[in-house]
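Chains as they are written, first to last, in this note's numbering: chain A, 69 to 341; chain B, 4 to 313.
The set of hints was computed from the structure by calculation and includes no laboratory data.
Hints may contain errors.
To be verified - Under the rule of at most 30 Å between Cα atoms (straight-line distance), these lysine-lysine pairs were calculated in the DSSO-like manner:
1) K279(A) - K145(A)
2) K153(B) - K81(A)
3) K144(B) - K81(A)
4) K299(A) - K219(A)
5) K219(A) - K196(A)
6) K251(B) - K36(B)
7) K220(B) - K81(A)
8) K81(A) - K151(B)
9) K243(A) - K231(A)
10) K150(A) - K123(A)
11) K255(A) - K150(A)
12) K154(B) - K81(A)
13) K18(B) - K251(B)
14) K275(B) - K81(A)
15) K203(A) - K219(A)
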Amino acid sequence: MAKQELNRRQFLKSGAIAVGAMVAVGAGVGYLQKVTTEQRINQKFLRPPGAIEEKTFIYACIKCGLCIQICPVHAIKFAGIKEGLAYGTPYIDARSQACDLSCDSIQCVETCPTAALYFVPFKNAGEKAIEKYDKTHAADPNYNPFPVQIKAMKRQVKMGLAKVNEETCLAVQGKGFKGIPRGTTFKGINRSPYGNAPKATPLRDKQYDEKICDVCVKECPMGEEALVLDKQNRADGSVAYSPKVLDGCVGCGVCVMVCPTEEPSIIVEPVKA
Amino acid sequence: MFGKKNMQSLPVKSKEEMPYTKVGLSFKAWREKFGGRHKWRTIRWAVLLGINGLFILSFALDLSMLEGSLSGSRLIGFYLMDPFNTLQQLIISFYTGHWVHLTMNFVIGAGTIFVFYFLMGGRTFCSWICPYHFLAEWGEKLHNYLVKKKKIEEHTYNQSLRYVFWVGFLLLAFFTQNIVFEDLNPVGILSRAMIYGPGLILLWILLLITFEIVYSKRFWCRYVCPVGATYSMVGQLSPLAVKFDLDKCAHCLDCQNVCLVPHELWFVERGKATSQRHDVGADCTRCGLCIDVCPGHALNYTIKGFDRIL
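Isolated chain A, as found in the complex (with noise of 0.2 Å):
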């Protein structure tokens, strides 16, 4: 009996200890999530395609690294120890390696098992697309409706927005680029104009003789919808350059890894929830 009772006393301590231990760690908890989770979204703290807002995104997230895997231009990373709560989620580096929007079905988002990369609706866009398409279609045996749901299904990627640093881009300024925009030692890779080519050339294989830099404009998965080199005349009869990002940006990045200026004059700011 006396040892039970010991048994039992030597319970509630370390019970007592281990409550008291976990009633620390939310403290903790509460406090890094508020702090942290700010200082993300200040930082331009970009989320692969398709992540939900950052408060929900840092729960449904379980930290598998599926998306990681199955990235074929290995844009997305592991958010360090710095992140605070973050930490093991994943995030895109825009600068270093940018979503380049080349794969078939946005597969970070397919692959996602807790809906962290939210599925349905690009599923849904898809879908819709494809009925479209086919009434439009319907008569036309060789149509591929593929690439349509593909199209529509990026679309709906709306990782953040990019915006044009003005006073160091190289077009505002009426500059011309020639050259490797990121030099020979750059390991980025943007497939997406190719499609899905096999073998796709890394941007250092890439020469550009531009008598105005659109670089950005010429590398934009998204082509026309997104971002374009606006010309206006001016009163004295000169032409201002200048990148414009229209309604069609999804804000993958790429924009922000081609660009040749030692800081990249054009950043992508994530979309705030």
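Given the structure of chain A, go ahead and fit chain B onto it with the hints provided.
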């Protein structure tokens, strides 16, 4: 654990009935001759390293065999989900309404893991797959050495502490709206560190293993880990178990010394067993260390019900 209080213990064996006298050896010689094999440990370590290696190779070489990490993965396209993550996820998402978006793959993954570990014995995961268990096994060896040299003292706690933590972490997930445990979970941390490259978070693992070595043996696995606790609930009625045969036991207690959960081997002590045969309970990780170490082959794997038919 069940029914052990009200049952009458069997009478203690006489010296002639002991297994070592039956083969005409002294106790010491018998123990040295037949104990201390490493058959199951070798198999187990091969499986553990093989599965974790497959995770690493799948990412490094783009094999698409076993993608993801131990918190959620795909085995040749077939989803698998960590059960405690699943629980935390469900609790939060039922509260916030996110559950309607959870995919069929999530359900398949959680269901597969539940059924598989129900059949294979719950905490089988711990000793056969968990990378932290592998690390802690070596930590345990070092700890035992230090205790033997009288450098440190042994500290033990009540095993039920795990369930306090289990409930606590679920509540914590609910109140903070975050799967908090995944930030502390050495299983996930180690798995990710191995597959995607190490990070500063490994200091937490270092802290845990140091605490286990210098203060309390297998502290995390025994008293904290809610993943293990979940698996032990899943495997509560599992058919795969370790069975105990009283006839072959000489009560040397070698098995209790190597066991991660020695309270489950209560019946090997002299005069404690209530029947000729016992099955080890749900906390057992089916690691096979006791099977290897037992000189009389009194412990062995069994499929409950099945072996009686055979």
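Mind checking the alpha carbons of K299(A) and K219(A) for me, to see if they're no more than 30 Å apart?
With Cα atoms ~27 Å apart, K299(A) and K219(A) stay inside 30 Å; holds.
Given hint K36(B) paired with K251(B) - CA-CA distance at most 30 Å:
holds, 15 Å
Straight-line Cα separation of K150(A) and K123(A) no greater than 30 Å?
Since the Cα atoms of K150(A) and K123(A) sit roughly 18 Å apart, the hinted pair holds (cutoff 30 Å).
Straight-line Cα separation of K279(A) and K145(A) no greater than 30 Å?
The given pair, whose Cα atoms are some 36 Å apart, is violated under the 30 Å limit.
Would you check the hint for K255(A) and K150(A), treating anything up to 30 Å between C-alpha atoms as holding?
Holds. K255(A) to K150(A) sits at ~25 Å (cutoff 30 Å).
Straight-line Cα separation of K243(A) and K231(A) no greater than 30 Å?
Judged against 30 Å, a Cα distance of about 19 Å means the pair holds.
For the pair we were handed, K203(A) and K219(A), check the Cα-Cα distance against 30 Å.
holds, 18 Å
Would you check the hint for K153(B) and K81(A), treating anything up to 30 Å between C-alpha atoms as holding?
holds, 26 Å
So if I understand the rule, the pair passes when the alpha-carbon distance is 30 Å or less; does K81(A) with K151(B) pass?
Roughly 28 Å between the alpha carbons, so the hint for K81(A) and K151(B) holds.
Checking one constraint from the list: CA of K18(B) to CA of K251(B), max 30 Å. Satisfied?
Roughly 13 Å separates the two Cα atoms, so the pair holds.
For the pair supplied as a hint, K144(B) and K81(A), is the alpha-carbon distance within the 30 Å limit?
holds, 28 Å
Hint check: K154(B) vs K81(A), CA-CA at most 30 Å. Holds or violated?
holds, 26 Å
Violated hints amount to a single one, hint 1; each of the other numbered hints is respected by the structure.
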